[in-house]
Amino acid sequence: MINQLFANQKIKIALIIVGVLILFNVVVAINNTLFPSLPPISSTSPSNNATKIVLNQPVVISFKKPIQVTDFLFTSDPSLSWDLTQTSANTITASHSLDFQPSSTYALNLTWKNRAYSPIIFTTMVSQVDPLFIKQTNDELARDYPLAQKFPYETPGFRIVYSAPLTLEISLKNKNITDEEAFAYARQYVKDNGLDPSTHKYIISDALYIPPSPAVAPAKAGLTSPSPSPSATEINWDTLQNDGT
Amino acid sequence: MAKLAQSVIDELAKQGYPYPEISHLLLELQAGRSIVVFDDFNNVSRTLDPDQGWQFLSEWATNNNFSLSRRGSRRSQISALLDDIFNRQQLESEAASALNSLKAKARETTPHGANSAISDNLKNAEALQYQQLKDYQKRLFDPLTAIYYNSDLLKDITNTELRTRAATLLSANPHLAASYNPTHQTGGRLHLSHQTREIYRTLSRSIPELAPLFYTLYSDDSEIKTAKTLAAAQNKLAELYPLGTTNKVDINQLNQDISDYRHLINIGSTLTDISNIVNALPSSYLTQDRTGLDASIRRIIVRAAGGTHVTGNDLLAQLIRENQLSPDAALKLQFLAPRLELAEINLRTEIQNHPSRGRSRERWSANLAATIGVSPSVFWLKDQELDSAVQHFLKEYGVKSLDEAIAKELDGDKNIEKINSLYFLRDQSAQRTQYHKARSDNTIFFLQDQISKFGYNLQVIKEPYDKASRRFFSGLDKIDEIIHYPQRKLIDFWEELIDGRKKFLGLKTVIEFKNKSGKIIRIPLLNLPGFLLTQYNQLQLYLAEKVFKWSWGLSKQGGLFAPLKAIANYSFGFIQHEGDFRATNFYFGRKAMGNFLDWGAKRLKFESFVKMQKWAGEGLLNIGNKVTGGLLGKATAYLTSIGLSVEGIGIVLTAAMLAIDLIKGIGGFFKRFFNDSDFRDRFLNWAPAIGIFIGGLGTFLAGIPAAIAFGFSGLLSFIAGAAGGIAAFFLQGLIWAGATIIGVMLFYQIFNLSTYLDSASSLAQNIAISVLCEDNSNTPASRAACLAQYLNQCYGNGSITASNVSRGLSCLASYAIAPGAISEIRDSASDNAWLQCVGFVKAVAAWVGTSIGSHNACGYVNDPRFVSGLGGVKQGDAIVFKSSGTCSTSAPGHIGILKEDAGANICLIDANYRCSGCVTDGNCLPKTNVAGYLKL
Chain A
1 MINQLFANQK IKIALIIVGV LILFNVVVAI NNTLFPSLPP ISSTSPSNNA TKIVLNQPVV
61 ISFKKPIQVT DFLFTSDPSL SWDLTQTSAN TITASHSLDF QPSSTYALNL TWKNRAYSPI
121 IFTTMVSQVD PLFIKQTNDE LARDYPLAQK FPYETPGFRI VYSAPLTLEI SLKNKNITDE
181 EAFAYARQYV KDNGLDPSTH KYIISDALYI PPSPAVAPAK AGLTSPSPSP SATEINWDTL
241 QNDGT
Chain B
246 MAKLAQSVID ELAKQGYPYP EISHLLLELQ AGRSIVVFDD FNNVSRTLDP DQGWQFLSEW
306 ATNNNFSLSR RGSRRSQISA LLDDIFNRQQ LESEAASALN SLKAKARETT PHGANSAISD
366 NLKNAEALQY QQLKDYQKRL FDPLTAIYYN SDLLKDITNT ELRTRAATLL SANPHLAASY
426 NPTHQTGGRL HLSHQTREIY RTLSRSIPEL APLFYTLYSD DSEIKTAKTL AAAQNKLAEL
486 YPLGTTNKVD INQLNQDISD YRHLINIGST LTDISNIVNA LPSSYLTQDR TGLDASIRRI
546 IVRAAGGTHV TGNDLLAQLI RENQLSPDAA LKLQFLAPRL ELAEINLRTE IQNHPSRGRS
606 RERWSANLAA TIGVSPSVFW LKDQELDSAV QHFLKEYGVK SLDEAIAKEL DGDKNIEKIN
666 SLYFLRDQSA QRTQYHKARS DNTIFFLQDQ ISKFGYNLQV IKEPYDKASR RFFSGLDKID
726 EIIHYPQRKL IDFWEELIDG RKKFLGLKTV IEFKNKSGKI IRIPLLNLPG FLLTQYNQLQ
786 LYLAEKVFKW SWGLSKQGGL FAPLKAIANY SFGFIQHEGD FRATNFYFGR KAMGNFLDWG
846 AKRLKFESFV KMQKWAGEGL LNIGNKVTGG LLGKATAYLT SIGLSVEGIG IVLTAAMLAI
906 DLIKGIGGFF KRFFNDSDFR DRFLNWAPAI GIFIGGLGTF LAGIPAAIAF GFSGLLSFIA
966 GAAGGIAAFF LQGLIWAGAT IIGVMLFYQI FNLSTYLDSA SSLAQNIAIS VLCEDNSNTP
1026 ASRAACLAQY LNQCYGNGSI TASNVSRGLS CLASYAIAPG AISEIRDSAS DNAWLQCVGF
1086 VKAVAAWVGT SIGSHNACGY VNDPRFVSGL GGVKQGDAIV FKSSGTCSTS APGHIGILKE
1146 DAGANICLID ANYRCSGCVT DGNCLPKTNV AGYLKL
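Chains A and B supply the protein sequences, listed in that same order.
Be aware that the first sequence starts at 1, since it is given in our numbering, and climbs by one per residue.
Be aware that the second sequence starts at 246, since it is given in our numbering, and climbs by one per residue.
One or more of the hints may lead you astray.
As the list claims (entries may be wrong) - In silico DSBU-like links for lysine-lysine, alpha-carbon gap of 35 angstroms or less:
| id | chain 1 | residue 1 | chain 2 | residue 2 |
| --- | --- | --- | --- | --- |
| 1 | B | K1119 | A | K135 |
| 2 | A | K150 | B | K248 |
| 3 | A | K135 | A | K113 |
| 4 | B | K791 | B | K747 |
| 5 | A | K135 | B | K1172 |
| 6 | B | K1119 | A | K175 |
| 7 | B | K640 | B | K248 |
| 8 | A | K175 | B | K1127 |
Since the hints were derived computationally from the structure, they do not count as laboratory data.
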């Protein structure tokens, strides 16, 4: 019976075709399993070759089918730190905390399970802001001058400024308060602004000192040979014993 | 009536009006009448038709955070708004009482400065207040440092750092510099040479490096040099206007240049100097400058009053008074500071940002009480508080003076808080003494004080009654609202019926047809009387137009027809006032048209106006006779006699004549006041009594017509209206005359340096203006600070972007910022999505009258004005920062205006750093990445 079937030339050809098709599907299935295809992208924002992109614009990529954000890796040139989130079943959003530099061309590289898409290239808008400068400066402020925006701090008795990283210089204007009281004030002020006072060093200076009796004329000698520069006393509060003030 | 431009209405709606005035205007609108609004900005009265009136009032309401329902008819919205205004008045009153009672309680139990029993609320309120004052002083003394830095006093110190230190010292210790006036550098230097020496000596002790320099400076050579400079300046002045003569200035020498005029004003040290200059110059080009000056100051004041229940004029008067009373510059500032701070910031923001609807009354009251602290019109630390605090400390230390208490504390515990409190109290006490001395030396203010005290006592008695009455009427209003709800709805319905917006039983209520000339006539069947009245009014206007054309044409022929000019003018006034006889009479009376007055006089059986004048009295030039009885007697007789006249127009006209007569008298008074020093001195002594008498006279006269009117009834009742007109004229004339006299006197006191003010008055004026950010010193630092403040005000402290930049431009323009600066702001934001750091710096440069090229921020290192590093930098210079990479459009760096040096850091006024397109005053950054600076 089977031999009769195979003897029929037409049936034979048909069976071969069916066999080839089955084989093809099997091969495709194996290929898809071993080498899955990239989820097709439906749109990107910014689009490829876009220009005048706003500096803080996030990157949004939409796919034609549902995806898992964990399958993706996102980098850029110039390099930025990216944060990927899945905003819908088919969409991922890449955010960057540091703005793009202006008038710059960026190449965004997206990989899915280690397989790369073609890069998305765009150019940012013209602007006179320098995000990297701002970041570097803010990093320096946070590290060396965490209370920079709180100084100069000035009272009728003294003025405090940063004279060096984590070092506050207290310039006394009169002798109504002692050095220790001034230190205590400065420490309290640092504490009031949410920092541990021991993170800073404190220096006293009498650069702004005004003597209390203006009627007394200065000595001639003092005029011809000026006094030395205001004295400065440096105290490291970490080593100070009496911490009660 | 010509329609006002939208911008005028917007401008009006930003100004301050007392609540009663707004309520009155609303009631007028509700009655369908036009309203008259005083425009503080432009110092004119404006008439608004009901539509524009409602537009103005609804804008005013929105600006002041009154929420309009936008539902129902205009009438019902007005009712709701009236209720809201009433409620807010009540809230303000309650807030003030809440705070006052809190303070009173604190005074009874524990004095200021003591430790425990003061309630937390009071502490919070005072802490807030103190913080505001502190912030304010910082804002105040920073510009002061800049002034000293640039002053002649310190100009010889070439080392920037030393000069900055010296300027800071002076601004932080105003008593040191109190004798020095940096605005009159040249004149002040010689005149105050010994004080200058003292300043130098003190500075030398604090900054020893300066001692050799100062020693050289106050040697005799330097004195001679300074004297020569002064002499040169005085020669220039004498050349331009010879003092003590009546000769006019040789205008050609001024080259028609307004800057010369300004220069002269600057070196003229007294009002006499300045008025001589002003009088000598041609009015054509003075007007522009004087108007500009007035307008800029006026705008600030009016804007400060905007949204409060104080008019611009009232606020201005208070500011000037408080400012001029204090004897030295530092004290003036302290008087001015809390006044401005509280009035401008708290009242405008706190009250307006907390709409009465939807918030609990208690919470609103507490907010207001906590932030305002005290009524803005009184000294912020009251006498009793000060005294009790001082007494408390004296008792605690067992001493007789605060100085002794300070010494004792310094010898003993050295408690810094107590020492600070003692210093503060000592300064306050000293200032208080000076303040009271200044007041007690001044007759008129002494009198005013007495009157205020009387008023206060009266208020204390009335307060419980008022409170109960407010509650009663508030309750009544609610009931009224419910009862009249159907009525209001019916009225709304009725209005729509009349307008033809609704049909009545399916029938049209308005007939429309075209007349022969093609004009559409709409006859509202349900309001025929109103329609006929309008038609009648239009007919009158039509006839008035004919009369005007006829009389004007004939009057131009002169001769016998000349008197017709008065009729033409009257007709024109009638047309201008939309057929309102009363308004026309008022207007015409004020114009003092001689022929027409004669005509009016003849109607009253007099040969001429002059004869009638004689009958009425000798005019205000003989004011002495009149106030002692002559005028009173004659006026009374006259007012009684007019009851027999039925010529209403003549009655009003004659009343106007009296007012004009008074005004004429004032003209003579002016001349004599300024020319005759004996008269002036006598007047100043008598002015309070005269002012009070005139006020009383006005009130008395106002009462007479009312009494006469009571005597009429029936058909003659219209005379009551005419008599009311007389009252208005008398009141206006008399009050105007009284106010003018008082005004002249105050003006004299304020500006006459030799009589009341010390030489630092112009400094105080300058600083007061600086505080208000209309700084005459055209320095980049002050301009930058002002620009930052204005930008933040106009854009609500937010980003200035391409999409919102146009919205704030008119606001910026209202601050008299240079147009070039506004253009820079606009271009920078429009071209770059938001305002850039470079745009801000360019705007500051444009405002100070210079310009810098267009680069990336870091690209300014190639500018010819660029100086590498920070050597020689001063406030107002533009600090250029390095790029984050290679200087290019991709990494442009940063630029900002130097506000102050802060050791290792540098504080800027800049844009586009803290957030995109926003402006920051006081952005402190490390000096590490500074490339250098541009001198602006």
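Is the straight-line distance between the alpha-carbon of K135(A) and that of K113(A) 35 angstroms or less? holds, 32 angstroms
Straight-line Cα separation of K175(A) and K1127(B) no greater than 35 angstroms? Judged against 35 angstroms, a Cα distance of about 41 angstroms means the pair is violated.
Would the pair K1119(B) and K175(A) pass a check requiring their Cα atoms to be no farther apart than 35 angstroms? Holds, because 29 angstroms separates the two Cα atoms, which is no more than 35 angstroms.
So if I understand the rule, the pair passes when the alpha-carbon distance is 35 angstroms or less; does K135(A) with K1172(B) pass? Holds: K135(A) and K1172(B) sit about 15 angstroms apart, inside 35 angstroms.
Straight-line alpha-carbon gap K150(A) to K248(B), limit 35 angstroms: Given pair K150(A), K248(B) is violated - Cα atoms ~53 angstroms apart, limit 35 angstroms.
Is the hinted pair K791(B) and K747(B) satisfied, with a Cα-Cα distance of at most 35 angstroms? This hinted pair is violated, its Cα atoms lying about 39 angstroms apart.
Checking one constraint from the list: CA of K1119(B) to CA of K135(A), max 35 angstroms. Satisfied? holds, 27 angstroms
Can the restraint linking K640(B) and K248(B) be considered satisfied, given a maximum Cα separation of 35 angstroms? violated, 69 angstroms
When held up to the earlier numbered hints, the structure conflicts with 2, 4, 7, 8 and fits the remainder.
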